[in-house]
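Residue numbers (this note's numbering), protein chains in the order written: chain A, 228 to 380; chain B, 987 to 1648; chain C, -18 to 104; chain D, 13 to 341.
Derived from the structure by calculation, the hints contain no laboratory data.
Certain hints may be false.
What the hints assert, rightly or not - Calculated pairs, DSS-like style, for lysine-lysine (alpha carbon to alpha carbon, straight line, at most 30 Å):
#1 B:Lys1600 <-> D:Lys222
#2 D:Lys222 <-> B:Lys1648
#3 D:Lys175 <-> D:Lys151
#4 D:Lys262 <-> B:Lys1648
#5 A:Lys240 <-> B:Lys1600
#6 C:Lys40 <-> B:Lys1326
#7 A:Lys292 <-> B:Lys1092
#8 B:Lys1444 <-> C:Lys(-1)
#9 B:Lys1094 <-> A:Lys359
#10 B:Lys1513 <-> B:Lys1391
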Amino acid sequence: MQVSENTENKEFKPLIVAFCCNWCSYAGADLAGTSRLSYPAEVKIIRVPCSCRVNPMFILKAFEKGADGVIMCGCHPGDCHYSTGNYYARRRMTLLFSMLDYLGIDRARTRVEWVSAAEGQKFSLVMNDFAKTVTELGENIKLGDLRCKKQQD
Amino acid sequence: MQRIGVFVCWCGSNIAATVDVDAVVEAVKNEPGVCHAQNYQYMCSEAGQGLIKNAIKEHNLTGIVVCSCSPRMHEATFRKTAEQAGLNPYMVEIANIREHCSWIHKDKKEATEKAVILARAAIAKVNLNTPLRPGESMVTKRALVIGGGIAGIQSALDIADAGYPVDIVEKSPTIGGKMAQLDKTFPTLDCAACILTPKMVEAAQHPNINIYSYSEVEAVTGFVGNFDVKIKKKARFVDEKKCTGCAVCTAKCPSRKGGNEFNCNLDNRGAIYIPFAQAVPNVACIDSTRCIHFKTGKCGICEKSCSAGAVNFDQKDEIIEQKYGAIVVATGFQISDVTKFDEFQYTKHPDVITSLELERIMNAAGPTKGTLLRMSNKEHPKDIVFIQCVGSRGNTCRDKTYCSKICCMYTAKHAMLIREKYPDVNVHVFYIDVRTPGKNFDEFYRRAVEQYNVDYIKGMVGKVWENEEGRLTVQGVDLLSNRRIMLDTDMVVLAAAIEPSEGVRNIATMLTASIDTNDFLTEAHPKLRPVESPTAGVFLSGVCQGPKDIPETVSQAGAAAVKVVGLLAKDKLVTSPCTANANELMCNGCSTCERVCPYGAIDYIDKEVNDHGKREVRRIARVNSALCHGCGACTVACPSGAMDLQGFSNRQIMAEVDAICK
Amino acid sequence: MSEDIIAISGINPRQCMKCGKCSATCPAFEEMDIHPHQFASMVVEGRIDELLASESIWKCLSCFACVERCPRSVEPAKLIEAVRVSVLRERGGSFLSPDEIPAKLDPELPSQAIAAAFRKYRK
Amino acid sequence: MQKTAGLIKKRVLELLADGTVTKVLGWKEGDFIYDVTPASFLSAQEADGLVYSSFCGANLSKYLISECKALTEGKILALLKPCDTYSFNQLLTEHRIDRDKVYVIGVGCKGMLDIEKIKAMGIKGITKVIDNGKELDIKTIYGSKTCKREDALLEKCLCCKSKNFKAFDEIIDPEPETKEEKADRFAKVSELEAMTAEERYAFWQEQLSKCIRCNACRNVCPACSCMKCVFDNPVSGVSSKANTDSFEEKMFHIIRAFHVAGRCTDCGECSRVCPQNIPLHLLNRKFIKDINELYGEYQAGEEVGSRAPLADFTFDDAEPSVVNERGNS
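Excised from the complex, chain A in its bound form (with noise of 0.2 Å):
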């Protein structure tokens, strides 16, 4: 499961931004910790109080910045520690994937995933398999460069 030993791309090692909710995911990737399941340090993970509070922006600035991959994580659906913060979450994180994609930006640099604080599993699970995506699509320069199209001579 170890995503360094990539043959084929050995140098190059993603950058993956991961905004986790306090309350179900935050604390699930504490118990992968707990569980000493490894899952790759290129992860890094930023606490959110809630899915909800994930602002589009804070993805673009992501990727802006160099991220190579973004995550989200929350409650499972109807698990929510608000009651209703993760179906908004879901709709704006939903439309947002969908316009990036639009954009021409991999789809495969996103994703949501709901992650409860029992499944510990699942955040180390998750978070190898999303590196190993990332990783195999290599350096994303894409959206930075949206507008910038160099002048053709």
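Go by the hints and put chains B, C and D onto chain A.
Frame of chain A; chains B, C and D shown alone:
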């Protein structure tokens, strides 16, 4: 510029074995704002905390970052440490370098690099932290219970016993609710009135309980600890203080054409009536829609016959305004409309009845004085067919999607009681599934089958019609033998779905409490906070939250009461400062944030603002920090970015993203 | 094959909770070898051959009593119709071509019959 | 058209005279017949310059925000075409304008012309346009020219939302609902969706690289009605005064499209005013198409007070992975 101290914990070898803590200290020293960095074996220990306190004082720190275990573990600890050293507790940020780093990575270089990045993100965030102070609000030490059924009575009694005043608002002239209409209760078969009426009396006599019967909640404003409620006390045209409950007037009233709701309209009552003998309060009430005096100005027999002089035709509706700290919703249920099921002939044939009607027929105080009779000809029946799941568990417009939960048990009860009292009556039950989870429940159902020979048929009834003999023919199917069943019977009893009471939508709107697609009130958390509404200070008791039987209702009523008592026991409520906040100069007043707030914490005011010297009145959002839970849904919904969340502000999270993606 | 029946009928037979209301309500129940309530589970189980060979599909009156009363929107008459249509399509051939219609038109003939003829007898 | 214009002018003068309104929001002619611009008129003399022609594409509803604020007495009269009333309703929903301060005259519209399209056909020096139904008879200083009407219509008129007014106090010369089939407004979006990711990227890079950040799209957009835009708000974390941070520059159009998602009435003003001819409406229409497909048909401004799709949800909404699934099918 902040003066930030960074404290890197070894956690023994938990962190230090994989993360080079010295390297982390070196790396963060040059980060913007950092003026002190050190590592230590156990930061959470007495000594570690002492070290932090000293550093805060010595270096005049304005913010600290602790690189340690998860904030879910020790954020509270380090906030306290900071507070003890005179620093605002919200100037602390944690970089989780244990669960999210040292424990999951093996390569020391990789783990150290990540730890540095996580520390940088925390530093970037704390650079933008501002001191936050928890809010405070007062608590009115009085509770309101909406609904006077068994749920409301139990909640009120438990709150009152704990020493707090409680008002019960009940829309009908008496408390008691649906349980008062029941004959016997499962699985013990004790009489409902025998266990309920003592509680009703206890509630009426309790020094801490005040009952507003024949009253409805008109309006609710305010928030947890500080609700302002308007209660409409409907005119009953009888002076509650004077009426002795002698019932002379109710017997003499000449207007007797209207149905008696308490007996499911199986018999009639007068225009002036007491719903039943044990009513609390035991006070008559005039139904002005049926009273001859209100129609013609004449009659007045009740007034003349009342020796106490209690009848007062001039009585008016009264509005009572009261403050409450907590509200319990116990609005209960009603039987869903079975007239939609024309195949069962409910509207056409008097011998097709609902289970609640059967309760009244079986009850000694009911329309037949407790004798089981066909309503069509008042004769003794020989066969009875019960049909389960009428209107439950379907997905068409005729059905409720949920299981009504109580029907399997009360049908077994009815079947058993009938077989016990009238061994000559054959009882057939058409069922889809028999669901009897609960203590002594399945044993109860098996007794009906095994000892009382109740005929359980797995299958549904397709239709019912009146045959030539004037009896009813039931056409059904037995799925186990794959056979058509035709039964001639005298009575058909429908186990109709139960649904939340009609007015619940209105009450939920007033309370800004959310309801689901079936109109049941939603819990704050389906598993962990099942008796609280997402709206702070509003609690749920009984069937208004979902179908349940009496023991479950009573337990939930008690649980809701404990939550109320826990709230009322506080003099002041401390509110988390991590709440949303609207920037007045940027707010458009567009109402988008209000729509996504799950707690009804946002309202709008017209306020004069001074926008760089330009004074004007604007509609702007106002967050009630006592209600806001800090989820942040509004901050993203806000198109102008006026709404922000303290502790997790736009700039703070952006700064974290920046630091991580450097 | 199950997929075809599901596609033709537009019904999700997994919604069935096996209450038997359809069979209880069916006027042709006694004539049938496979009863309406069995259709849903047999489609789920993929026992389509048995259904194709069943007498029931010709006994169903399409009275839609079961459609009207099914609490789970499984509406067995639509499943039965789908099986029936499958048999008819299998027998195949276009029994009716558009060119033949003008000659067959009869003021007494309900236009629905023509629509039905196309639906039943065209590949 | 001339008849309608006459009726409008007559009614405007009446309402000014009897004091029902104190100000009129309409269009006035520029140096050429086609450079009609939004304008306000305070008196009968001023209102002499009021025009209503085939070049009155501009949506006036957004001006009502500042006009409502500035208004001290009487009412302001707004001339709104059917499609403009959607924006008007959306602004009412968002409490940006005060209905009591506005007197809406709904003016019938046959579809407005896009001068850029006409010029692109090589037709210059236009002095008059006569609408013959299917064809336009265009008088120019170089003689008469003709062109097909549908070739000269604004994009928004090709897929006209409705000829019905969603808000009005009175209506002048309404048009019957068009019987002809309207163009599929999502045709271009679908076409883009069908391309490969590389082709889409190339398309958008080409288009968005043309942007000069003049903010015309933002300034004209009735949904961009914020008191202070996030791009101008230092605590939003988006705006940047320094050139070192190009986040705002790079993400401007994506963020703007997201901010108006579910609120955009598809009035098409953004593309109409873009000096670089960037098809910005294709971003908004992508959101509208997704919303319609995933959450049910929704038209912003159809009714006042409706709940925007992004401020709403159902328990069984599509999962975000639907993006991948649709893409792969």
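Each hint, compared with the structure:
1. B:Lys1600 <-> D:Lys222: Since the Cα atoms of Lys1600 of chain B and Lys222 of chain D sit roughly 37 Å apart, the hinted pair is violated (cutoff 30 Å).
2. D:Lys222 <-> B:Lys1648: holds, 28 Å
3. D:Lys175 <-> D:Lys151: Holds, at about 28 Å.
4. D:Lys262 <-> B:Lys1648: Holds, at roughly 17 Å.
5. A:Lys240 <-> B:Lys1600: violated, 53 Å
6. C:Lys40 <-> B:Lys1326: The given pair, whose Cα atoms are some 29 Å apart, holds under the 30 Å limit.
7. A:Lys292 <-> B:Lys1092: With Cα atoms ~28 Å apart, Lys292 of chain A and Lys1092 of chain B stay inside 30 Å; holds.
8. B:Lys1444 <-> C:Lys(-1): holds, 10 Å
9. B:Lys1094 <-> A:Lys359: holds, 21 Å
10. B:Lys1513 <-> B:Lys1391: holds, 18 Å
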